[in-house]
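Hints in hand, dock the two standalone chains.
First to last, the sequence lines map onto chains F and E.
Each residue of the first sequence is one higher than the one before, counting from 1 in the working numbering.
Each residue of the second sequence is one higher than the one before, counting from 1001 in the working numbering.
Just so you know, the hints here were simulated from the structure itself, not pulled from any lab data.
Hints may contain errors.
[What the hints assert, rightly or not] Lysine-lysine pairs mimicking DSSO-like chemistry, simulated, CA-CA at most 30 Å apart:
1) F/K207 <-> E/K1300
2) F/K340 <-> E/K1224
3) F/K320 <-> E/K1308
4) E/K1256 <-> F/K49
5) F/K290 <-> E/K1248
6) E/K1308 <-> F/K319
7) E/K1256 <-> F/K319
8) E/K1262 <-> F/K287
9) F/K49 <-> E/K1310
10) F/K200 <-> E/K1248
11) F/K269 <-> E/K1308
12) E/K1248 <-> F/K296
13) E/K1224 <-> F/K49
14) F/K269 <-> F/K231
15) F/K231 <-> E/K1224
16) E/K1268 <-> F/K231
17) F/K49 <-> E/K1342
18) E/K1308 <-> E/K1256
[Said to hold, decoys possible] Derived list of chain E stretches under chain F, where covered just means 3 residues or more per stretch with a C-beta under 8 Å from a C-beta of chain F:
19) 1223–1234
20) 1256–1264
21) 1313–1327
[To be verified] Far from chain E by the CB rule (all over 10 Å, computed), these chain F residues:
22) H15
23) T84
24) N192
From the three backbone atoms N, C-alpha and C, an ideal C-beta is built for every residue, glycine too.
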Amino acid sequence: MLRTEEMLLNVGPQHPSTHGVFRLVLKIDGEIIKEAKPVIGYLHRGTEKLAENLQYTQIIPYTDRMDYLAAMTNNYILVHAVETMMDIKIPDRAEYLRIITMELGRIASHLVWWGTYLLDIGATSPFLYAFREREMIINMLNEISGGRLTFNYMRVGGVKWDAPEGWIEKVKEFIPYMREQLEGYHQLVTGNEIFMNRVKGVGKYTKDDALNYSLSGANLRCTGEKWDLRKDEPYSIYDRFDFDVAVQEGGDAWSRYHVRMKEIEESLKILEQAARQFPSEGDILAKVPKIIKAPKGEAFVRIESPRGEIGCYIASDGKKEPYRLKFRRPSFYNLQILPKLLEGENIANLIAILGAIDIVLGEVDG
Amino acid sequence: MSGEKDLEQLKKEAAAKAKEAALAKMNAKQQGEAKEESPAEDMDLAKQKAAAAAKAKAAALAKQKAQEQGEGKEESPEENPDLAKQKAAAAAKAKAAAAAKAKQAGGAGDDEKAKAIAAAKAKAAAAAKAKAAAQAKQAGSAGGDDEKAKAIAAAKAKAAAAAKAKLAASGGAGGDDEKAKAIAAAKAKAAAAAAAKAKAAGTKAEAEPQEEKAPSVNQPYLDKYIKVIEENLGSDVLEDSYINNLSKEVPTLVAKADSYYKLAEFLKYNEQLGFEYLSELHGTDFETHMEVYVHLYSYKNRQSVALKVKIDRDEPVIDSLQPLWAGANWPECEAYDLLGIKFKGHPNLHRIMLGDDWVGHPLRKDYEPYDVEV
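Looking at chain E on its own, in the form it has when it is part of the complex (with noise of 0.2 Å):
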């Protein structure tokens, strides 16, 4: 059913998208600013590229695409629905060039997703997937490519397809698309998502200027860990170090992976920090490099800090804390069992939950499974 159609489309797409992509670029720096910055801003940006769709839809239209116009139209000032969907479009359309030029749209497009196969006709969306997915690799935007050939395919099933996408190529691109779409789909259903992604931008944005505004309760302390360690060890030591806003403002130090264990030793034994107790070690493979967290606290203090390390992925090889902490005696077994991080000085490192003959680390995102029968 959905063979040749495709193919059709498909070719328009590609057309609409060399258009498009300037269109999509400068979209996607506005939108990701707007997207920081306030929803507003986002909310203009899209209502200007809804009337520049609307006027080239108006050009050359179908019958239906005139009704659909008119709602569109009629709904436009009470903002809330239609601003939605347009909004939608618009971030679609960020996504698409933001996952070619810089994968920096990622969030907002699952719920768009979501929709689309709301929509779609099951079978047309898994053809039209197919054949995007295959384009993809030349275009490199699997994401974008993917969600775009879906909401065509449910516009397709809507019938109008043809005059649609020459309209799209011309100017309005894959908004109209991603409209018809969201019209077709419960209108309802369009509007809570909206509202919801509204709220999470709110919080967002809520949450940034507060985070800016008032420095951290644990600023003092950070800089005063800072200061004790570079008097002591020297200002080599230390890779990075930061509040992390997202943990209760944990101050995090990163050491240099060839200062870890001696930083250790000394957040543990000076005077001034004496964080005697090991609370947490884990491993984390980040596939550009291993990364070993420590959260470390000090009773006599009442105090936390965060340990980071970032270790060779190809070579994961650390300083075993065991000497330090004998509570980093197992946690470490953990890391090395699922991660392959191998930890110097560990008195007994070895496989703590898998069995001796496992092959491979589980938590290694390029973990194939060896036992075809698991």
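Same shape as in the complex, but just chain F (with noise of 0.2 Å):
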């Protein structure tokens, strides 16, 4: 009679599909993981510890390095925060512009995604056409910000840099060419059965067990829960534009697939608005004093990144340095569930599993 026995498989910190530095423990018995036990901290570069010496205007380059697939929204969350506290009004094109570099961030994120994703699972070409269409959107980010991926672009009270002039223009002419392309990808990949076969009923949890281990974003969306901070307690100006929450009910990785992909759809239904609505002039900056300070007192407020809940806690004590800095970054909370998942799983479903979360481990290790 055959007899197993289980080892020990070290998976990472160097592997392609763990994204960056993650390492699992893996206790197998033949191919199904018994155990799996996450190792993190290998990009972890106290962040919140150097902030406590750093002015607020001087922590925005450092939260570009966190999700470094979507800078934008880690750029505003921390202006966000301390704008809250300070009460500062937003002059309208720099929430404008906001958005649209937000929103054209979210489908970078979400088509890296995308890319990555089947790569890890074997399809090789969708990694190519998505790197195409994300490298039309970092070169208007870059435009406008003068940074690929880390843009250093936002500021407590706006934005750095106006767009320059006919960027409007380029980001209302993507807006078509992504919605076909989009296309393009759904007849590429969604309808494949192979495709079809590895994702479908893998990884799957409940609303509940979502709601249990704090997870957000695609994640939770997944299982039914339609909720999504731009609509439910909408910032900046969400509220003046029409779109819908993506939402699905399967709770499996095919499902967070779908969520991602509609999101791409929505992301631009936002961009096409906001492009329409863009105010012709207007500062981009509102009258800030130069040294900024948060008054006295703490705050937790948290946005929508494209990886989930994203939040700023910031405690004051009315220094121009935050007395005390932490980030709620989503990839962090929803890397937790991940042995939950993996236990009893067939080994081969370890990176459809790993993969469909998504994170990014600047952000896990902060």
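Right, dumping it as structure tokens:
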């Protein structure tokens, strides 16, 4: 009779499908995972400690490096927290620029996820398509902010740079193009039977699990919870746009795939409206003190990043540096459910499950 | 260059300080009130003060001072730049006193300092600072002395220091130095900074009455939570409760440490509350105590609540919320790793970010890096 025994398998920290430096210690019996122990912290840079000695504006570049695939939302959460504390009214033009850049960032982030996820589970060419479109977005963001990934674009009270001439037109042109490509993506991948077999029913959890494990973003919406901070606790000027919250009921990787694909569409809707409403002139920075000082007290605000609910807590003693700064990083929270999902799974599903959570290690480790 | 003069200066300053103290105490009070209430009062006060200073100055002055005085008088009807300077001077004085008394003036000083640095020659400033720091130990008011020393250094560089110091001692106090410096520094800059400050004060003044006049939309929720909690858990589980106006008016509950878990459990399972989602958990070192901040959300009722608990800093132990919300697992590990807060009942409390052999908890305010190479 065949006898099996448990063995330890180390995955990572340098493994392409972990999308960064993430390590998993697996206890496996044959091909079945008995226990998975995530090991994180390889990319911990002590942002929160560093921030205690930096002025608020100086902290913004550090936020770029947390979720480096969607740095605009990271920029925004910090300035949004400070603005909430200081009660600053943001000029309209700045708000529109913020929305447009953030939504472009969201699409870019989902494109990276789409491309790399399919690459992880064996489809090579979608990656190339996704990065082709993403490159266009990055070029646009580069043009407005001067950075391809680390934008350092937002400021307390507005944004750093105004849109260059013809920039909004480029965004407008991009929208129908992206819609067309998205259609192509669906034709290429969504109906593919091999793909469906790889993701349907894989990494499944219920809504109760999702809430219990503090999941957010697509990881929560895939279980049927219709919840999006842009819609339900509108910040900035999201209440001016008409868009839907992408929801699926399945709770598996397949549902998460659909949620993210739908979110690209919804982002395009927002972009379309924002580009149309974009004010032809106006300030891009509110009148704020030269040295930003959040009033004494504390605040915790949260917004919807591509990966879920990103939050920022500031405790201020009225100085120009925060007394304590803490980011609620969605990838960090979302990753917690991984050991539960992997238990009893076939090892071949490991990558399909991990990839569907959509983590960025810079954000996990903070 | 600056050594002897500094000694002289500091001596005079010490003399001036005694006299200034009484005045400054009063100023600080008024200043504090004025700041909270309205910028206008602040300006009146500054005007009076400036007038007094101007008189004292006019009594015995060098040529250069006369010129400055002339400038000052000319400008005062125009209000803005001169007033701003005077206001700045008033703020600086208030700060010195307040720092010595109650550490309350914190804010305004930094702009002041920046200006002073700009004006002072780098060397003079550095020397003055070092001496002032030494002196500050006696007086126990580092910030204020620093600033004054710098201001004096700046004035000295412009000469006519001795006469001025005497004058200052006789009534005008630090204001004259401040003024001279402010004039010497680019006027445009001073005006801009003052304008920014005025704006900051303006927004503050605006924000506060607003908060006071209308009770928060979340007030009924807070009242409801407290009512339900008191009905079921008794009246001694909460240390405090309020609406946090800085944080989008989130209802905030401060639990007593020994009923923290009980309260959290109640918040989750009570039907009327039903906070089934833990959005955020982290700790903060407030030096007097540690604090754990938890942000909960109820998807059922679409309501947020912030739960806080204060922990003894020397022995930071608190119940773990992991048994209630699985999502509290890693955040508690993070709080343990970076702040040293121990969570009782956590299944696997370990260093999640740093290496297992790391010494100390970096986010504690008294943290000293152990590894000299880092």
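>> Run through the hints listed earlier and report the numbers of any the structure violates, in increasing order.
In response: 2, 8, 10, 11, 13, 19, 20, 23
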